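Start from the sequences and build out the full structure, keeping to the hints where you can.
Residues per chain are reported as follows:
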Amino acid sequence: MKIITDSVEISTQGNTDIIDLTQEIVEMLDKADLTQGNLTVFVSGSTAGVTSIEYEPGLIKDLPEAFERIAPTEMSYHHNATWGDGNGHSHVRAALLGSSFTVPFHNGKLLLGTWQQIVVIDFDNRPRKRSVVVQIMGE
Amino acid sequence: MKIITDSVEISTQGNTDIIDLTQEIVEMLDKADLTQGNLTVFVSGSTAGVTSIEYEPGLIKDLPEAFERIAPTEMSYHHNATWGDGNGHSHVRAALLGSSFTVPFHNGKLLLGTWQQIVVIDFDNRPRKRSVVVQIMGE
Amino acid sequence: MKIITDSVEISTQGNTDIIDLTQEIVEMLDKADLTQGNLTVFVSGSTAGVTSIEYEPGLIKDLPEAFERIAPTEMSYHHNATWGDGNGHSHVRAALLGSSFTVPFHNGKLLLGTWQQIVVIDFDNRPRKRSVVVQIMGE
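Chains as they are written, first to last, in numbering that gives the first Met the number 0: chain A, 0 to 138; chain B, 0 to 138; chain C, 0 to 138.
Quick caveat, the hints were computed from the structure, so don't treat them as lab data.
In this text the structure is predicted, and so the values were computed from the model without any measurement.
There are no misleading hints in this set.
In the EDC-like style, the derived pairs of lysine to aspartate or glutamate whose C-alpha atoms are separated by at most 16 Å in a straight line are:
| no. | chain 1 | residue 1 | chain 2 | residue 2 |
| --- | --- | --- | --- | --- |
| 1 | B | K30 | B | D5 |
| 2 | A | K108 | A | D32 |
| 3 | C | K1 | B | E138 |
| 4 | A | K108 | A | E26 |
| 5 | C | K108 | A | D5 |
| 6 | B | K108 | C | D5 |
| 7 | A | K1 | C | E138 |
| 8 | B | K108 | B | D29 |
| 9 | A | K108 | B | D5 |
| 10 | C | K1 | A | E138 |
| 11 | B | K1 | A | E138 |
| 12 | A | K60 | A | D16 |
| 13 | B | K1 | C | E138 |
| 14 | B | K108 | B | E23 |
| 15 | A | K1 | B | E138 |
Following this line, the structure appears as structure tokens:
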């Protein structure tokens, strides 16, 4: 058993910006040279989340629109009343999506579907630099 | 430490069909003959998700109705404009739910509640065959 | 590689009560004296979930309000028609949030952001006692 804890540095536009990290993650797994186990992608902070989607131009618009229905930008949030930073919706969206995502791998390959990419979604209301943790555990 | 990477093949009706996989998963864990660790259920593809629910006839209707409020079937999706396959809502629902679910086990038993079943939800707009990954990691 | 499976006992008020477990979890990890790996927080039962948030008084109100929009308390649920326990909305909310949350650690520290706490949300419609599983896997 081997554990590798690494990270990917990204720059985002915020505002529900969706960043495809699949290629960087696959390269990390290739380098790890392991047969089977799992890989956890974790974004530190409380205004971003991780999930998988088919990364294509249509969904990149559909998903922010869905979050706009669930936690609208232009609404009154208690968080904003406290802090005045205007990102109450970002916090709510991130809490609902979750900041952790675990994918098994086998025969050295992530068991993702062909049209399934691992994405970080930055819900904050301004551009951010993020350090995304990638941890591989396997043999 | 031992890792077992296996899969369960299922046929779904699509349209937010909810499939209870608990029994198959418990049998896999029994066969693994391990004491403690965790088990990850992962569905490949971007139109299905995994979670746990009390699997009973009422919730089997309530949950699709909730997803219908969050990402309605009859709405305009950019994904559909691109691909014409009419399953934009399926992609959005799957991205929100997430395709991975990890449950710890101890003394050889999954630490699920008595009325807590592990389910795959197939959001696609047609019947599908799915290969669901079950990975056990423990000692 | 070492696995530690433990639990934290909590009392909740139900009704989307949000409980910050970060301190207890950090103490467990410190006691485990491991360098790197991951920690899974899992709540047994189908009316509670786990996620991470900035635990501050504003969000503690915003998040329940968001769940009220997604799965309103005062609505007709098939679950309630079957069981008459009035917590259909609790089940739906828990299924959407998910009952499992995995955080990597490195150099003996959880890789959480400074304003990112691990919380259990109890959606049930009455006070509950909950046993929350904390499993540490690492080296």
